[in-house]
Structures are given as C-alpha cells and as structure tokens.
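As given, the protein sequences belong to chains R and A, one line each in that order. Here the first sequence is numbered in the numbering used here, starting from 1 and rising by one per residue. Here the second sequence is numbered in the numbering used here, starting from 1 and rising by one per residue.
Treat the hints with care, as some may be off.
[Unchecked claim] What the simulated footprint calls covered on chain A by chain R, stretch by stretch (three residues with Cβ under 8 Å from a Cβ of chain R suffice, anywhere in the stretch; the number is not a length):
#1 92-98
#2 226-237
[Claimed, not checked] Part of the chain R face toward chain A, derived, beta carbon under 10 Å:
#3 7
#4 9
#5 78
#6 86
#7 90
#8 94
#9 185
#10 238
#11 244
Honestly, the hints are just simulated from the structure, not real lab data. We treat Cβ as the ideally placed atom computed from N, Cα and C, and that holds for glycine.
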Amino acid sequence: MVEFWLFVLVTAGIYTIFSLGLLIQFGIAGLPNFGTGAFMAVSSYTMAILVVQLELPMLVAAPLGIAAAVLFGLLLAIPTIRLRADYLAIATVAAGEIIRYLALNLQDLTGGAAGTINMLGPGFAADYNWEWQRFLASFQQMLSGLLSFRVSTDLAFGLIVWPVALLLVWGVWYMVRSPWGRTLRAIREDEEAATALGKNVFLYKLQAFSVGAALAGLAGLFLAWQVSMFTPDDFRPVLTFYAFVIVLLGGKTNVWAVPVGALIFTIIFAGTRFLDFWPLSLFNSGDKAFLRLILVGLALVVLIVLRPQGLLGNKKEDALEN
Amino acid sequence: MIEQLLQLIFNGLVSGSILAIGAAGASLVWGVLRIGNFAHGDYMALGAFSAFFFANVLGLPLAVATMLAMAIVAIFAIGVDQLALKPMRGRGLTSVFIVTVGISFLIRNTLFISFGAGARQYQIDQALVYVVGPLRVSPGQAITLFAMLLAIAALGWLLGRTTIGRSMRAVAENSDLAAVTGVNTDRLASITWLISGGLAGLAGVCLGLVQGTFDATMGAYTLFLIFTAVVLGGIGSAYGALGGGLVLGLTMEVSTWDGFAGGLDPRYKVVLAFCVLIGLLLFRPQGIFGKDRLL
C-alpha cells in the first residue's frame, strides 16, 4: 500500500514537469498545445531507439531524446505560430495522432504495438533501461546507508524526480518573472502592441514553445525510466488532457500551483480506485477506469465554464480569455 | 495497372466523401460560431454507436437506424452547445477548444462503458463484393457513396439556395456585418449545430461501414484527417471542406498506386496526410480554394 502511494507521488512529480511545459506554452504565451503526449513519446522513443539500436550510453541518448522533442516542436511551431491559434491547435492534434501511428507502424524501429521490448524483433527482449536501473540501484544503496533503513525503489525514484521537478518549478517561476516572461505575457495580451515596442513576437513564441517541448521531453524520459518497457498506447492524448486539468486547477499562470495541482490530481485520480460504495460498486475495475475519465472530462468542462481563473488563480490574469 | 488506379480512385472517392461530410460539418461550426470542435470525431463515433444500437440491438433497418443516429447526434450537439458552449461565447478560441476536448473525453469513455472496448460491426455481409466493370465494390462502400452523394447534394442546396444557408455563409464571411443586417445569431447557432451534428452522425455510420469494424476510438483517430480536410478547404468554408475532404481522400489512396515508382506503402497514407497538413500550414494556410488573405 505504501509502495502504491509512493508510485503515485513519483507520477505526480513527472506530471508536474510536463504540466509546467504546458503552463509556459499555453498559460504564459497563449499557445495551445493538444499534443503534450506526442512530445513525451518523441523523446522517450528517441532515447530508447538510440540506446537499443545504436547502443549509445544513456548520458548521450537522454539529451538527444529531449533535443528530438524540441526539434519536433519546431517542426509544428514554425509553420503555425504566425497564424491564428486554431492552426497550432490543429497541428498539435495531428502531431499526437501521427506519432502514435508511426510508433505503431515502424515496427523494426519502435517494436510496434508490442512495445519497446520488441525493438530487436521477436525472440530478443530489448532493454533500454539497464543503465538507469543500475544508477537507481546505487542511489538506493547510498540512501539506505545514509538513512539507515531500506529505501525502496519508488522512494529513491521520488527523491530524484521531486527535486528535479521543484528545481524546474523554481526555474520557470524565475523565467516567468524575468523580462523574457513579461514580454511573453505582453505578447499574449496584445501582440500588436508588443510588436510596436520592437519585440520579435515570432521568436519569443518559438522560444516559449520549445521550452515547453523540452519539459515534456524530460517528463517523457522519466516516464520511460519509471517502467522497463512502454508501448505507443502509453502516450495517449489523455496525458495532454491531464496536463490541462493540472494547469487549470491552479490558474493558468500560477507556477507554484502546478506541483500542488499535480499532487491533488494524481492523488484523487489514483484514490478513486479504492472507492467501492454504491453506485460505484456497480462497475467493474475496467469500467471504473472509463468512469474516472468521464468525471475528469466533466470536471474540466465545469471548471472552465464556471470558474475560468482556476481554483487558485487570480481573476485578473488567469481568466481564460484567449 | 490502370485497373488498380481506377480502383484506388474509387476507394479514394468513398473515403474522401466521408472526410468531406465530416469536415463540412466541422468547418461550418468553425466559420459560423468560431468554434474548433475537437470533439467532432467523437460526435462521429457517437453516431456510429447509436446506429449500432438501433440496428444491431433493436433490429431496425440500417437506413432507419442511421437517420435516428443522425437525429441523436444533432440533438446532442445542440444540447452541448446550450449547456457548455453558449456560456463561453466571447471567451476566446483556446478556452472553447479545451471545453470541446473535455467533451470528447466524456463521449469516448461513455461509449466505452456502454458498449465495451471490443470492436463492433454492422450486420452487413463483409465478404460480399459487387463487380462493376473494372471496380470491386463492397456493400459498405456502395451504401456510403450513395449516402454521401445525397448528403453533399442536400448540403449544397441548403447552403446555396435557402435563407438559412445564406445567413450561415454571411456570418462565416463577416459576423458583425451579418448581425447588423438582422441575422438571428442564437437561432443560427442551434441550426448550425443541428446540421453539423447530423452530418457527423452520418459520417460516423459510413466510416463504420467502410472500416468494417470500429470501436469508441474511431472518431479520435479520424479527427486529424477531418481537420486536415478543413484546412485544405480553408477554415470556416463548408464548400471548401467538401472539396478538401475529397482531395485528401483521393490523395491518400492514389499515392499507393504502383505507377508512382511502386507506390507508397499503404501504411504511410496517414503520414502523407500529415505532410500535406504541415505543407499547407507553411505555404497556403488559407486552403487550396481560399482567397489570398492575411490570417
């Protein structure tokens, strides 16, 4: 039971990272991204392919994975960022679908529907994660020695993810308050005024989108490290959906509310599986998974329609007007 | 070789007509109400499953089931508009998009709970093939082509010849000007959703027929093709979307023709559609039929 909740907390840390990415893109810069899951998939697949197929060390493969996510972001952003917000939204929806499709169909490269374990073809169990697991094991051992009790894998993982996540929260908070962040907010509110002040709107938006893509890429790596294999289905559009809920829970420009939103969301989301009173007892566990998503969908709609500034946001800036 | 090409053109027309009808409804809503409906694919899935319920569970004829399904999706679309989208008028593009994303998850997972996760199919003979000249036509394709031609004609008549259709195109062209000249925008919104929902329902049934089997994710996986067709035709133009859907369907099928240096591997048809979309966004965001204007 403790292990289960530790796993949930680790997941909350990972969700914090990609929700931060969405906060910069959507909340600060006003750029809608409906393909957060695709960016995570690009980075974790790139990493896994480089490790398994080219036998590169993780220390090289992981940054290249993030770089791939950023490059993919640029591919979508360069043609669309100059246009109305509709076009970027469409491009990101298309991106989510095309990445899932490619991961399913480029079997020799990705392992297809069976997942990364199938990357080297049937009969070989491909493993991209041994370096990370060795690192995690030594970290676990070091912690156990230091704290003089047996630190579990999930606890050790959490003690890596959460410091990274909080460091990133601080970094993003700093960026948002910097002249760079102020310019982005100005652009979001009035593009023409920002242009008139001599700001290169296109470049600023491109930077914001790339930072968001990099954060999604990093979160994708953590998701891949958390497990020993993954399939195209692990990066369903539902991850994007979670990110929107988390960002909107806290108000879309509220950086420190992101980890809080991620914790609230993952704990409630995971906790509902233990609720077993009527009418929930009418559903089997598979149907309950769908029921949870229905309720999250409903929460998202109600939240936006009735409380556009989010649960914790301030009405002046966080109300969803654009 | 030529026979293969003819067959591919035929298949392209069939799948293209589904995309055309799906995209026309989406583009109409986009043009008249400024709403990008990211649940449009799931409206199609709702149509497919409603018809499945009427035809397979209640045993009604498929034609009746399809009409009932269209009515259900249309009413559902109006209901969603009244409850969730109407309060959002004037709140900007992105927040409306996110609301529709939430609705898409509502629909998809309700379908999963109601019908299960397994693949479904209508009771038509999947193995039957009609041979028409050089073409091999499945019953699903025949029904689809007939229904789609009918729908395209009806939509063309509605948009071109009726007052409602003219008001819609006027609002899509310039909503302020249309409001000044006395178009009742509230009533128009409901009618737009009625048409868009009905067409989505029909497109969903036909997609289910042509695919053979379908599950609740069918709409989500088709959404990006629908949007590509919308962009091809120019966002907001229903006529354009009809053309865009046909062009996209034909392009995807004909690209696999052996005559093009062996043809594209059919698995990459969808990737081709993505390239078309990115290319369009780069060079012609106003669509292939669109006027040159700043976006």
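Hint-by-hint comparison with the structure:
With 6 residues bearing a CB less than 8 Å from a CB of chain R, the stretch 92-98 of chain A meets the requirement of three and the coverage assertion stands. Residue count for the stretch 226-237 of chain A with a Cβ under 8 Å from a Cβ of chain R: 5. That meets the three needed, and the coverage hint holds. Residue-level restraint check for residue 7 of chain R is violated (minimum Cβ-Cβ distance to chain A is 23 Å; threshold 10 Å). With a least beta-carbon distance of about 25 Å to chain A, the hint placing residue 9 of chain R at the interface is violated under the 10 Å criterion.
At a threshold of 10 Å, the smallest CB-CB gap from residue 78 of chain R to chain A is about 8 Å, leaving the interface hint in force. Contact between residue 86 of chain R and chain A, as hinted, is supported at the beta carbon level, the nearest pair being about 5 Å apart and thus within 10 Å. The beta carbon of residue 90 of chain R comes within 5 Å of a beta carbon in chain A, closer than 10 Å, and the hint placing it at the interface holds. Annotation: interface hint on residue 94 of chain R holds; nearest CB of chain A at approximately 4 Å, less than 10 Å.
With 10 Å as the threshold, the beta carbon of residue 185 of chain R stays out of range of chain A, its nearest partner Cβ sitting at about 15 Å, so the hint is violated. A hinted interface residue such as residue 238 of chain R counts as satisfied when its beta carbon comes closer than 10 Å to some beta carbon of chain A; here the least separation is about 7 Å, so the hint holds. Given the 10 Å rule on beta carbons, the hint for residue 244 of chain R holds: about 6 Å separates it from the nearest Cβ of chain A.
Violated hints for the displayed structure, listed by number in ascending order: 3, 4, 9.
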